[in-house]
Amino acid sequence: NFRELTCIAYINDDWEEGDGGELRCFLDAPPYQGGKHQGAEDGSEVLTVPPRAGTIAMFLSRKVLHEVAIARKPRVALTLWCSAYPL
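Using our numbering, the letters of the sequence shown correspond one by one to residues 216 to 302.
Please note: incorrect hints may appear among the correct ones.
[Said to hold, decoys possible] The calculated lysine to any residue pairs, modelled on SDA-like cross-linking and capped at a C-alpha distance of 20 Å, are:
{"no.": "1", "residue 1": "Lys-288", "residue 2": "Thr-270"}
{"no.": "2", "residue 1": "Lys-288", "residue 2": "Ala-244"}
{"no.": "3", "residue 1": "Lys-288", "residue 2": "Ile-226"}
{"no.": "4", "residue 1": "Lys-288", "residue 2": "Gly-235"}
{"no.": "5", "residue 1": "Lys-278", "residue 2": "Cys-222"}
{"no.": "6", "residue 1": "Lys-278", "residue 2": "Pro-289"}
{"no.": "7", "residue 1": "Lys-278", "residue 2": "Glu-219"}
{"no.": "8", "residue 1": "Lys-288", "residue 2": "Glu-232"}
{"no.": "9", "residue 1": "Lys-278", "residue 2": "Asp-243"}
{"no.": "10", "residue 1": "Lys-278", "residue 2": "Leu-220"}
{"no.": "11", "residue 1": "Lys-288", "residue 2": "Ala-224"}
{"no.": "12", "residue 1": "Lys-288", "residue 2": "Ser-259"}
{"no.": "13", "residue 1": "Lys-278", "residue 2": "Val-291"}
{"no.": "14", "residue 1": "Lys-278", "residue 2": "Ala-244"}
Everything labelled a hint here was simulated from the structure, so no lab data went into it. Only a predicted model underlies this, so the values are computations on that prediction, with no experimental measurement involved.
Produce the complete structure using the sequences and hints provided.
Here's what the structure looks like:
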């Protein structure tokens with residue numbers, strides 16, 4: 216994985232609780248090594264970020280295991296991945 220830093224800016228003006236599409240970060244999970252991770256099932260502390268307009272999330276891509284919840288309506292975000300290697 217070439218991604219070192221992930222930056223996400225949410226631009227959903229009408230997002231409401233229950234719409235889905237939240238970013239879930241597993242704070243004390245081991246770094247992803249390939250294969251399937253257990254997510255919250257492994258007992259990790261979970262930080263949930265709702266995709267509300269004006270919210271920006273930044274995290275170290277290789278160190279913070281993360282996923283996006285299923286969205287029940289369109290979810291709009293601008294994502295920037297910063298690379299540790301030349302592309």
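Results of checking the hints against the structure:
no.: 1; hint: Lys-288 to Thr-270; verdict: holds (18 Å)
no.: 2; hint: Lys-288 to Ala-244; verdict: violated (29 Å)
no.: 3; hint: Lys-288 to Ile-226; verdict: holds (13 Å)
no.: 4; hint: Lys-288 to Gly-235; verdict: holds (8 Å)
no.: 5; hint: Lys-278 to Cys-222; verdict: holds (14 Å)
no.: 6; hint: Lys-278 to Pro-289; verdict: violated (28 Å)
no.: 7; hint: Lys-278 to Glu-219; verdict: holds (9 Å)
no.: 8; hint: Lys-288 to Glu-232; verdict: holds (11 Å)
no.: 9; hint: Lys-278 to Asp-243; verdict: holds (9 Å)
no.: 10; hint: Lys-278 to Leu-220; verdict: holds (9 Å)
no.: 11; hint: Lys-288 to Ala-224; verdict: holds (17 Å)
no.: 12; hint: Lys-288 to Ser-259; verdict: violated (27 Å)
no.: 13; hint: Lys-278 to Val-291; verdict: violated (24 Å)
no.: 14; hint: Lys-278 to Ala-244; verdict: holds (9 Å)
Checked against the numbered hints above, the structure violates hints 2, 6, 12, 13; every other hint is satisfied.
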